[in-house]
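The listed protein sequences correspond, in order, to chains A and B. Residue numbering for the first sequence follows the numbering used here, beginning at -11 and increasing consecutively. Residue numbering for the second sequence follows the numbering used here, beginning at 23 and increasing consecutively.
Treat each hint with caution, since some may be false.
[Claimed, not checked] As a list, the in silico DSS-like pairs of lysine-lysine whose alpha-carbon atoms are at most 30 Å apart:
#1 K467/B to K72/A
#2 K340/B to K72/A
#3 K72/B to K72/A
[Unchecked claim] Computed list of chain B residues with no C-beta within reach of chain A, every gap over 12 Å:
#4 T50
#5 G52
#6 A96
#7 D385
#8 P441
Calculated directly from the structure, the hints in this document are not laboratory data. Here a beta-carbon is modelled for each residue, glycine too, at the ideal position from N, C-alpha and C.
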Amino acid sequence: MRVRLLDIAHARSGDKGDTANVGILALRPEWYEILDRFVTRERVAAHFSGLITGDVVRFELPNLGALNFLLHGALDGGGTLSLKTDAQGKVVSTALLRMVIDVPDDLAARLRLPAAPSTSATTSTRSA
Amino acid sequence: MSAPRTVRVASGQGFWGDWLDAPRRQVTGGPIDYLMLDYLAEVTMSILQKQKERDPTLGYARDFLGAVDSVLPAITERGVRVVANAGGVNPQACAAAVRALATERGSGGAVRIGVVLGDDLLPRLDALMSAGHPLANMDTGEPLSAVRDRVLSANAYLGSTPIVEALARGANIVITGRSTDTALTMAPLRHEFGWGADDYNRLAAGIVAGHIIECGAQCSGGNCLYDWRDIPDLGEIGYPIVEASADGTFVVTKHPRTGGRVSTQSVAEQLVYEMGDPHSYITPDVIADFTTIRLAADGADRVRVSGIQGRPATDSLKVSVAYRAGYKAVGTLVYSWPDAFEKAQLADRVLRERLDRLGLRFDRVLTEFVGAGATHGVLAGPPSPDLPEVQLRIGVRGGSRRDVERFTRELAPLVLNGPPSVTGFAGGRPKVEEVVAYWPALIDKRVVQPTVEIQ
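Assemble the whole structure, with the sequences as input and the hints as a guide.
So, in structure tokens, the structure goes:
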């Protein structure tokens, strides 16, 4: 089943220089397992490919039901150098929540995951 | 004297520019022991340095005077103590202004100001560099000599120790320059509970408490994505309060009858804000491990935080250097339906053609179409063909002020000589800004000796 991160997680993002960080937090404790298994470093790098110039690093915080991603080269130079509207990476969080992942049906049913709306097709192919 | 059961540290300011009314609301809304005010972002120090160059009595966060004025009765009559990094690049001038204000209000005798000094490395920069401290850029490895002639300010991030000293010597208003944001909260707890410099778990707990409340209401319902529609009464949002115990556990809460919400989710969102490696949140006092934090709901608008572990700090302090890095300007125009996006795209092409023809040189030209994927790019999918309007937002950055200035003159003509259905240029020409860039570095702790003055 296809699941959109917005429907199973919330998030906040910020900056450090030209790096954006996105902390993504499961909406229910039992859904952390889904984030941990399916929102891999590679998957996130593919999601943001073309939008960032550097690597993606992932850290786990199971105690908060959260993952923390560092997206290097995400902010057009960052801080005061950046010309972007989102120079401080404040809404990179919601950009990550657009991601659609594929979860085996039995697991999705057991954890009562909400299905992605059908309009999310474009993001799915991007992060596949 | 036995230690008090709990100490209440309230956050009244999350950055310079935050809600002016928040400090007063924190001292009038219920009992607190300390009011913590965080004014300094990375870029703030360089702005303050420019102000100090123009006027040697400036260079601090002037909002702080209004904040002190609004809480002065609480300080002098109820014993609330204020800790703020409002000193910026000129803590002495800040202290003098606070002193003058208190005297004017007839409270001069009841105000004891502690000033933390020693973070300012600008006067020592060349001596430090020739003594073998390269202050290499933490991101690129380049030595500071590469930009030395353009440096505006250089400040080491100080930890909690000098603030603790100021409190121990009886200051009821502590003014620092570049202290870590987290030290402003941790120092009062260290002072009250007598935590030692090697009491790593408790120090780490103080750091986590500081991280949670250093951005003001961002942990009590502000900018909270979780359940955002149902967060009550943001108009009267309550800023956060840490209610700490001697064992290092604490509760995050806010005053009764205020808006917003303190929940495990609102606190967790703030915990991950601006986080790097969660195992190693490095401060001058201790390294805190954010993977050990336990959050538990503890009644309405109360979250209990426990379990935090820490380990010894490193031998270095972080240094924030600001240097001049050219000029930039950003301008906007709004294009309306029909075909708003297409018109904005054409305007961008026309503008760029003219910039090229003028031979202007920029390091960077960036176009965004606000309303058509400016913040999420291609992740937003193709924009609707029927958008009511799109804002063309174009920015340039470069070393030549003249070229950036010329760019700002090329936008308005498009209103009459570019694509149709354009509006939204009432703000006039874009402003040319000097870019002050940020250079993060490390320095050996032993060469930075903070001092405290009580006035």
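Going down the list of hints, with the structure as the test:
1. K467/B to K72/A: 36 Å, violated
2. K340/B to K72/A: 27 Å, holds
3. K72/B to K72/A: 24 Å, holds
4. T50: For T50/B, whose nearest Cβ neighbour in chain A is about 30 Å away, the distance exceeds 12 Å, so it holds.
5. G52: Label holds. Min Cβ-Cβ 27 Å, cutoff 12 Å.
6. A96: 32 Å, holds
7. D385: Given a closest Cβ separation of 9 Å, the condition is violated.
8. P441: 21 Å, holds
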